[in-house]
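K.L.:
Now for the letters of each chain:
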Amino acid sequence: MTRDNLTVKELFCLYNRGAVTREELKVKVPEILEVIDNRYHAFISRATDFDPGVPPAYPCVAADNICTESLNTTCGSEMLLDYRSPFTASALDKARSSGFFLLGKTNLDEFGIGDCTGRSFFKTTFNPLSQDHLAGSGAAAVVAVGGAVAGFASDARGGLRQSASFCGLTGLKPTYGRVSRRGLIEYASSLDQVGVITAGVDDATFALRCISGPDSKDPASQESPPDQDSTASGFRVAVPEGWDRVSGLSAGVKSVFNKTLSLLAELKVEAAEVPFSYLPLVSITAAIIGATEAFSNLANYDGVRFGKRMSGDHLQDMYVKTRTAFFGRRVKEFLTFGAFVSSGGNYREYFLWAQQNRGAIQRRLMAILKDYDFLLLPTLPFTAPTLAESSGLVNGADVYTALANLAGLPAVTVPAGFDGRLPVGVQLIGRPFAEAALLKAAKLLEEQGGREVVAP
Amino acid sequence: MKRFEPVIGLEVHVELLTETKLFCRCATAFGALPNEQVCEICLGLPGHRPLLNKKAVEYAIRAALALNCEIAEQIDFDRKNYFYCDLPKGYQISQFFNPTGTNGYVDMVVNGTARRIRIRQIHMEEDVGKLVHQGEIMGSATSRVDFNRAGIPLVEIVTQPDLRSAEEARIFLQKLRTILLYAGVSDCKMEEGSMRCDANVSLRPVGSGMLGNKTELKNMNSFRSVQRGIEHEIERQEEILEEGGHVIPETRHFDENRGLTRAMRSKFQAADYRCFPDPNIIPVIPDKDWVARIRESLPEMPDSRTARLTGLGLPPYDVEIITSDRELADFYDAACASYREAKTLSNWIMGEFVRLLNAGGMKVSESRVTPGQLAALLALVDNGVISGKSAKEVFEEMFATGKDAEAVITEKGLTQISDSGELEKIANKVIAANPAVVADFKNGKTKAIGFLVGQVMKETRGQANPQVVNKILAEKLNNC
Amino acid sequence: MSDLLHQLRAAAWDARLNFAPTEEQELLTGLEEVLVMVNELKKELDTTGETPLFFPPLPLGRMEEDRPGKSLPREVALANAPDAGYTCFHVPRIVVE
Ligand SMILES: [Zn+2]
Chain A
1247 MTRDNLTVKE
1257 LFCLYNRGAV
1267 TREELKVKVP
1277 EILEVIDNRY
1287 HAFISRATDF
1297 DPGVPPAYPC
1307 VAADNICTES
1317 LNTTCGSEML
1327 LDYRSPFTAS
1337 ALDKARSSGF
1347 FLLGKTNLDE
1357 FGIGDCTGRS
1367 FFKTTFNPLS
1377 QDHLAGSGAA
1387 AVVAVGGAVA
1397 GFASDARGGL
1407 RQSASFCGLT
1417 GLKPTYGRVS
1427 RRGLIEYASS
1437 LDQVGVITAG
1447 VDDATFALRC
1457 ISGPDSKDPA
1467 SQESPPDQDS
1477 TASGFRVAVP
1487 EGWDRVSGLS
1497 AGVKSVFNKT
1507 LSLLAELKVE
1517 AAEVPFSYLP
1527 LVSITAAIIG
1537 ATEAFSNLAN
1547 YDGVRFGKRM
1557 SGDHLQDMYV
1567 KTRTAFFGRR
1577 VKEFLTFGAF
1587 VSSGGNYREY
1597 FLWAQQNRGA
1607 IQRRLMAILK
1617 DYDFLLLPTL
1627 PFTAPTLAES
1637 SGLVNGADVY
1647 TALANLAGLP
1657 AVTVPAGFDG
1667 RLPVGVQLIG
1677 RPFAEAALLK
1687 AAKLLEEQGG
1697 REVVAP
Chain B
196 MKRFEPVIGL
206 EVHVELLTET
216 KLFCRCATAF
226 GALPNEQVCE
236 ICLGLPGHRP
246 LLNKKAVEYA
256 IRAALALNCE
266 IAEQIDFDRK
276 NYFYCDLPKG
286 YQISQFFNPT
296 GTNGYVDMVV
306 NGTARRIRIR
316 QIHMEEDVGK
326 LVHQGEIMGS
336 ATSRVDFNRA
346 GIPLVEIVTQ
356 PDLRSAEEAR
366 IFLQKLRTIL
376 LYAGVSDCKM
386 EEGSMRCDAN
396 VSLRPVGSGM
406 LGNKTELKNM
416 NSFRSVQRGI
426 EHEIERQEEI
436 LEEGGHVIPE
446 TRHFDENRGL
456 TRAMRSKFQA
466 ADYRCFPDPN
476 IIPVIPDKDW
486 VARIRESLPE
496 MPDSRTARLT
506 GLGLPPYDVE
516 IITSDRELAD
526 FYDAACASYR
536 EAKTLSNWIM
546 GEFVRLLNAG
556 GMKVSESRVT
566 PGQLAALLAL
576 VDNGVISGKS
586 AKEVFEEMFA
596 TGKDAEAVIT
606 EKGLTQISDS
616 GELEKIANKV
626 IAANPAVVAD
636 FKNGKTKAIG
646 FLVGQVMKET
656 RGQANPQVVN
666 KILAEKLNNC
Chain C
429 MSDLLHQLRA
439 AAWDARLNFA
449 PTEEQELLTG
459 LEEVLVMVNE
469 LKKELDTTGE
479 TPLFFPPLPL
489 GRMEEDRPGK
499 SLPREVALAN
509 APDAGYTCFH
519 VPRIVVE
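Chains as they are written, first to last, in the working numbering: chain A, 1247 to 1702; chain B, 196 to 675; chain C, 429 to 525.
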């Protein structure tokens, strides 16, 4: 193997072992990233200085809705073109102090709002496994081609896990409160959580350890309780009934999921279907809550303290012109939807209804998790979409993933097979703060399932 | 006989005396240059997280307890969403669903009648930024915004519509201010904006239980202007109703200079605030011990003090003056602990003490004289060591220097001569020197003794105890 | 104008957004579909008696002591503003009445 074919990840590996010099790294890494960006359109901004300091250093990227002082933070929106945050997200600060080196900020749906297509104001990221298809996020594309060990990103309704699944990767959304959200420009505060995309479960376990824990600047961040002692072989898995009646579920995804179930049976892991009537409510509930919170969270984009401004005849006119000009259409529709479902006349009918749904869903999931260690579900009903496959206000991509966001539970997706050339992920959802057990189980699926996961 | 009676409710915003803002640790100190006390949180920058100020919660609970409210079992916050340039985040964090305190009351006396005004609720919220204009708000092409004030903790106190006149509203507001000053949660300066009052005013036929259309009256910047503004609004509504018209529910501004209220119609439709629980603020449970400690740390409130001071025999006027200022009342109580003549003490405090404070533009807490020192001085007067007249001179010196009464008296040589042996000698001298006056006295002009007393006082440079001198002279004149 | 379109326009205004006629029509159609779906769901699954959950349960909220910390230097605070002077953010004129 010549050094010319090495990935960024491999170069850093050699650097950490002393086999590659700092000077070599500083020259080669930006060249490779340039190629990745040209090919897949994965970055919004890249680091200017590639001196990782004293080894060990682990290359990472962060979605561009996570604040950094060293690079702009745009959320993939024209609204924040050239925006430089005066502070860095706590999770990235923690990652840096554990040796992570930030290579750049990656592309995402504008403000993370979308259906996980990885389309921003700037670019659309293509899937390294199939260039006709989308990657879901720049972070997933970079990790998929060995451009980074970890991609830190946010997961509000499942976007992180969805894009990991599209690219055949591991995607971990931690428990709500496990990782500080300070510096995450989230659109839905009650759903969003900083998580990580990695090539495998071990990397995810390592990365999580580096970013989790209480942060004095995010009162929602909690001390992680000691890991429960759980042996990976002794777990019980619940499969919510109705998973196979979800609209839009592709035959390929269904078959991979069934194969995973047989694999568990082979491994003598108890997997039982459990009654769960709420799957049809998941997407719409997450959309209503997400849109209402987005309507409120994104109200600070008013052209006064930061961001772009379009001049107007007067103050309110300036607001309308600015927001209309610099938010993308998808964001505008979502914010308007949020304003609609939470208006005085609709509040009870839609917004409160969604919060009641969330209450019902969370309580039911906690009841299931009393008897079972994990829930097992496909990650998405379908594989990576093409650019042409656009969708409406509520498209159901998050029918399985948003469950974990609504209830604040940890969830991880691992690749379990292929549908044609495209990878299919399965997802485990665990008890609050039981990431250790969750990742152990995910590791088992990865090792066993890995036999099947060979790209055709 | 009036056909209509006013129904008035107040919404009072009060700035809490915390050192930092409600959700960030920017200073709240008055007088900083624009935008010097701002950060990512109070500017609402992307990715910020609010950090709840414990002291603000404590002060809100303190205020709620002082207003006899029930305290919420959980302290949580909601977002009130609207767009305005003084509002950094596009929403104001407030307590919409679950106010800190509910169902309280304030007792007061209006023209001799006891009135209980119910407090519907007291809740916390963030203050907004300040617009700086050159000239009129409507005239300028641009406005400048200063966010130093944005995020300063406020409590809003909402009354039930229990007030029945503009005067009652003013008296209520003054009473509320006294209570909050006692509780130590705000400096309640209406002129500086740390206390702001809006009034909901409506009229209804006398005896009717119905409520008429109400207007919300704003821009009243002093107690006087609250009373005047409401008076004008009541008159305006009366005229409309007398003519058979309808009061339009709207927001009106009181124009102090012109003495009238003006409608503030927005070109835009009324905001739909879409209040919902702020997902970034995890609720806190104020534990029972904490609330109990806050309750215990409250000073004795004005009503209780009023009852106690009245019990000491003080006239209502004195009680009102002394209890109107917590520090003054504390000073009174402390002095009273070692000096029992309640009325004499109140005369001195309301008279000399307040006069000297006012002359120096000082607060009670800035006084160098302690209550104990005043009590000691008054005891010296009672014991005849010095005269009441020189006591005032002594007190002025004590006020200026903080010295004890004895020290000042000695320094100035003001000790009163009560020694009868000494005084008898002087009396004999005076009698001998004024035979004509003595003759007048003998002939029945008893008032002539006054002249002789004056002569003795003159001989002693005012240091003789006049009562003793009088007694000695009377004895001598009657016996010779 | 249909009631729904009226509500949609009010919502867009409250979000300070404006849609071109074709965009508005597409959004209206999308919204109608969603509302039909919600009505179907409400018939199938009744959650009206459920206690709402506004955010995932967390063990405790924290409060901070009232000690002044660092504010942003003013030039940093103003640095990202599209229009600012030396001390203040500038906004266009405010229209009332
Ligand atoms: Zn601040």
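Source of the hints: derived by calculation from the structure; they are not laboratory data.
The structure displayed is predicted, hence computed values, not measured ones.
A hint or two may mislead.
As the list claims (entries may be wrong) - Label pairs and their computed distance ranges (CB to CB): (1) Arg1491(A) x Arg490(C): 38 to 44 angstroms; (2) Gly1591(A) x Arg457(B): 29 to 35 angstroms; (3) Arg490(C) x Gly1558(A): 37 to 43 angstroms; (4) Val523(C) x Arg453(B): 20 to 26 angstroms; (5) Ala507(C) x Ala1613(A): 46 to 52 angstroms; (6) Glu503(C) x Ala336(B): 23 to 29 angstroms; (7) Trp485(B) x Ala1613(A): 31 to 37 angstroms.
What the hints assert, rightly or not - Sample of chain C residues lacking proximity to chain B, with all beta carbon distances greater than 10 angstroms (derived): (8) Asp431; (9) Leu433; (10) Val466; (11) Asn467; (12) Glu472; (13) Leu473; (14) Glu478; (15) Thr479; (16) Leu488; (17) Pro496; (18) Gly513; (19) Cys516; (20) His518.
As the list claims (entries may be wrong) - DSS-like, lysine-lysine: derived pairs with alpha carbons at most 25 angstroms apart: (21) Lys1686(A) x Lys1514(A); (22) Lys325(B) x Lys498(C); (23) Lys637(B) x Lys607(B); (24) Lys249(B) x Lys1463(A); (25) Lys1689(A) x Lys1616(A); (26) Lys325(B) x Lys1567(A); (27) Lys249(B) x Lys1567(A).
Where is the CB? At the ideal position from N, CA and C, for every residue including glycine.
K.L.:
Looking back at the hints listed earlier, which ones does the structure fail to meet?
P.N.:
16, 17, 18, 19, 20, 23 and 27
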